[in-house]
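Visitor: Here's the letter readout for the chains.
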Amino acid sequence: MAEEQKEAKPKKRKTATQAAASIGPMVKEFITGTLQARAEGKQKLAYTFIVCHHEEIFRAMDVIPLWTENFAGICGAKRDAERFLQRAESLGLSRSLCTYALCGIGFDQWREELGEMPPDSPWGGQAKPDFMISSGQILCDPRSKWYQASQQFMPDVPIYNIDLPYPLFQKEQDHRDVWDYYHKYIVKQLRGLVAFLEEQTGKKMDYDRLRELVDLSDRTWNLIDETYKLRRAVPCPMGTGDAMNTMVPINFMMATQKAYDFFVDLKKELEEKIAKGEGEVENEKYRLMWGGGLPAWFALNDFNYFNSKGASFPVETTYRMVAPLNEMDIPETKDPIDHLAWRWLGFWTFWYDKAKKRPGSEPDVEHLINWIEEYKIDGVVMHEAFSCRTWHVGLIWQLHQLAKIYKPIPVFVVGKDGKREKVYRELPSLILESDIIDITSYSEVDTRNKIDAFIETLESNRVNKAA
Amino acid sequence: MDEKQGNILNTIERYYQDYGLRAKELKKEGKKFIGYICSLVPLEIISASGCIPFRVRGDIHEPITKGDTLLETIVCPYYRSCFDLSVKRKYEFLSGMVIPHGCDSMVRSYSAWSYSLPYSYFHFVNIPSVCVESSFEFFRDELNTFRESLAKFAGKTITDDDLLKAIRIYNENRDKVRALYEFRKGDPPLISGTELTMTLTVGSSLPIGEANTLFDQVLVEIGKREKSHLEKGPRIFIDGACIDNIELIKLVEEMGGNVVADTICNGARDYFPRTDLGRDPMKALAHRYLDKVNCPKTYRENKTGTFEGDIASRFGDIGAYAKEFKVDGAILYVYKYCDPFGFEVPARKAYYQSIQVPLLHLEDVYSAGTMGQLKTRIQAFLEMIG
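As given, the protein sequences belong to chains A and B, one line each in that order.
First residue of the first sequence: 1, per the numbering used here; consecutive thereafter.
First residue of the second sequence: 1001, per the numbering used here; consecutive thereafter.
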């Protein structure tokens, strides 16, 4: 079958930090570990999604999460997603749908058809779960549809769907006016998850252990925030390319000592680099923000290409799914489930108050403005992945609004009277287009031509910037 | 809308072609229209506030231009068209807009809508993705927030009595639509799919009282028909999201098919479920819009442990309609980039197979430009089942 043809192996991306370089083997070890756990049968395995604030519950119940988006990302990064995408298409699923989900469903169908892993599965493949925890969030439809579609090929595997809404930003509404009933609902949903896991594992939840794990996560959240803020340094010691590796402990290993220790080490490494004046780029000329969109996992080398032009990425909005807890306006509680629900609401409404204070702003735009200033950003880069509406709809509007309300670049122009006058320009921006894992959507030549043109704009601003 | 009975279908066609004509007239009289997208917005609350709900629709003949400068092309093309027409000021007679969490495209573009359009009222209604006790409680609270927000805008307290009255009148509206569907049971049907789609589309642009009068007039008009003007042909069921332009249905009918039933969002999915009349109107509305409107966006637990049981439970309404309206074949019409429907295609295909209804699956981009391609496929399908 044509679908069994694998693509050429990609070149390995050069990382700036040791910590980022250690991620690949760590993920491989995790995937191998899940396969071993499946073989031993001592622990339950569950398909699930990142950013649901439920890791602590999983780990307290000794359930091993199988991060299905992660596995699809691995297939993409190894340029081995196409055969699974084609499988999904052959079932009637459109290529325009979330390609993480298509890859996962195609893989599941193939594994279940064979009764074993598809040939040469990336890192040994993805184990069959005991159950699936999907999540109908406010922001991702495929999360409540993906496992339902996969269940066609493994109907004996039950699904529990947790609903995790948050109040959407509305100019005329204070989110605090409604969040009590949001909180009440999320707590009930999370308690429902606990009950489901108790039923599936035959074990009772140990709430003391859960409290300890929630505390560990909270400390990790704050540590990540402190660590990433070190990237404000000039030159920047670590860029977004590396952050696309270090997102692994943030999103896949939360509520583990290993994740906490990882950031202790990374923080130390960054502090040392800053002390030595060592940047991601040897001669840092431009500081860019990855302002939205998931990366093209098969083309992470593009970050190296940016670096080769003197551009560094001190900050990204993507996958930095934590915020400093001490800056969140959420009630204190000793109940760990209550706290998880408040933390969820605190995280998603983090920029709401600030956005209300700036005319024409809204949380995503405010987020960009704040970090442009904090990280001394010269330009914004976004990526539009065609198959994902969750993270990629609204980006054009955000840039449009950003340019309208925020003009931070001073330049001199010749006025009507012939005199030189100082005016302010908006920040340049670039939207790259392809996909998260569908390599057929990507052209390296076109992408790099766009990057070159963007760099020229940045250079022009650098040269013409008024003192 | 005061045309004589015999001209009612001509009047409907005029209001269909000039969509929003009546709203423009009433706007001059000081009426406030609130635009909405998707079948998950509780219209009863809007009517109870004294405002008039108006379903924003797209136009498959209008190229998307201005909308694409603000919204990504990876958004479902139907929704993009609605946005494009809105930013081109086609719906400038609206005073406000309500968008629910019907899909990611609606959620993620809410800011683009609310900052790009000059309406003085905007509201987003969060819709739970599961049907359990806690989600009904949450949804009732969320609807109460909407009720209070709209009351503030309208300058009128929305009482339970206002809501009960609105529920009654909307239930009447749905009963009338159900009665219109009865005319589709004839072989050939007395009312064509084109006429019905046009009627329902126009109805969603009118005050509910006027829509009810209009439907009454259509019921009388069709009731007078002793014989169908259609040729007998394969009886076709249309499955999909919102099909608010008649071209697809017209195409099927021009090819010799009889469109006799559907589960589309501006058809049976929305009009068939009634709201229960009880003591707590908000609870009743929460149940109708979350549970009774069978939207693929809502996750429904597989309680059977088998795939066959799951699809029978999720899509049982399709099977019931297929039987009731004696369908010979179905067209599953899905928009590109539509995640809620798109992920259900394999399961829906399997369901149609299980009830032995031949199926044609079409993925489309909400454009008149694709009708030629669709024509070939529909013709082949009709020949196959005919």
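Hints should not be assumed to be uniformly reliable.
[To be verified] Pair by pair, the computed Cβ-Cβ distance ranges are:
1. B:Pro1188 x A:Gly115: 36 to 42 angstroms
2. B:Met1384 x A:Met26: 51 to 57 angstroms
3. A:Lys276 x B:Glu1301: 41 to 47 angstroms
4. B:Gly1316 x A:Glu374: 52 to 58 angstroms
5. B:Leu1277 x A:Lys171: 46 to 52 angstroms
6. B:Glu1324 x A:Asp177: 44 to 50 angstroms
7. B:Lys1375 x A:Lys171: 55 to 61 angstroms
8. B:Ser1354 x A:Asn370: 49 to 55 angstroms
9. B:Gly1372 x A:Ala195: 52 to 58 angstroms
The hints are simulated quantities; they were obtained by calculation from the structure and are not laboratory data.
Predicted model, so just to flag it, every value in this text is computed and none were measured.
Note that beta-carbon positions come from the ideal geometry of N, C-alpha and C, so glycine has one too.
Visitor: For Lys276 of chain A and Glu1301 of chain B, compare the CB-CB distance with the range 41 to 47 angstroms and indicate the outcome.
Guide: Violated, since Lys276 of chain A and Glu1301 of chain B (Cβ atoms, about 56 angstroms apart) do not stay within the stated range.
Visitor: Please check whether Met1384 of chain B and Met26 of chain A have a Cβ separation lying inside 51 to 57 angstroms.
Guide: Holds - the Cβ-Cβ distance for Met1384 of chain B and Met26 of chain A, about 54 angstroms, lies within 51 to 57 angstroms.
Visitor: Do the Cβ positions of Lys1375 of chain B and Lys171 of chain A conform to the proposed distance bound of 55 to 61 angstroms?
Guide: violated (46 angstroms)
Visitor: Falls inside 52 to 58 angstroms, the C-beta gap from Gly1372 of chain B to Ala195 of chain A?
Guide: holds (55 angstroms)
Visitor: Between Glu1324 of chain B and Asp177 of chain A, does the beta-carbon spacing fit 44 to 50 angstroms?
Guide: 46 angstroms Cβ-Cβ, so the 44 to 50 angstroms window holds.
Visitor: Hint says 52 to 58 angstroms; check whether the CB-CB distance for Gly1316 of chain B and Glu374 of chain A agrees.
Guide: holds (54 angstroms)
Visitor: Hint says 36 to 42 angstroms; check whether the CB-CB distance for Pro1188 of chain B and Gly115 of chain A agrees.
Guide: violated (50 angstroms)
Visitor: Assuming the hint says 46 to 52 angstroms, is it satisfied by the Cβ distance from Leu1277 of chain B to Lys171 of chain A or not?
Guide: violated (35 angstroms)
Visitor: Verify the CB-CB distance for Ser1354 of chain B and Asn370 of chain A against the hinted window 49 to 55 angstroms.
Guide: holds (54 angstroms)
The structure is inconsistent with the numbered hints 1, 3, 5 and 7, although it conforms to all the rest.
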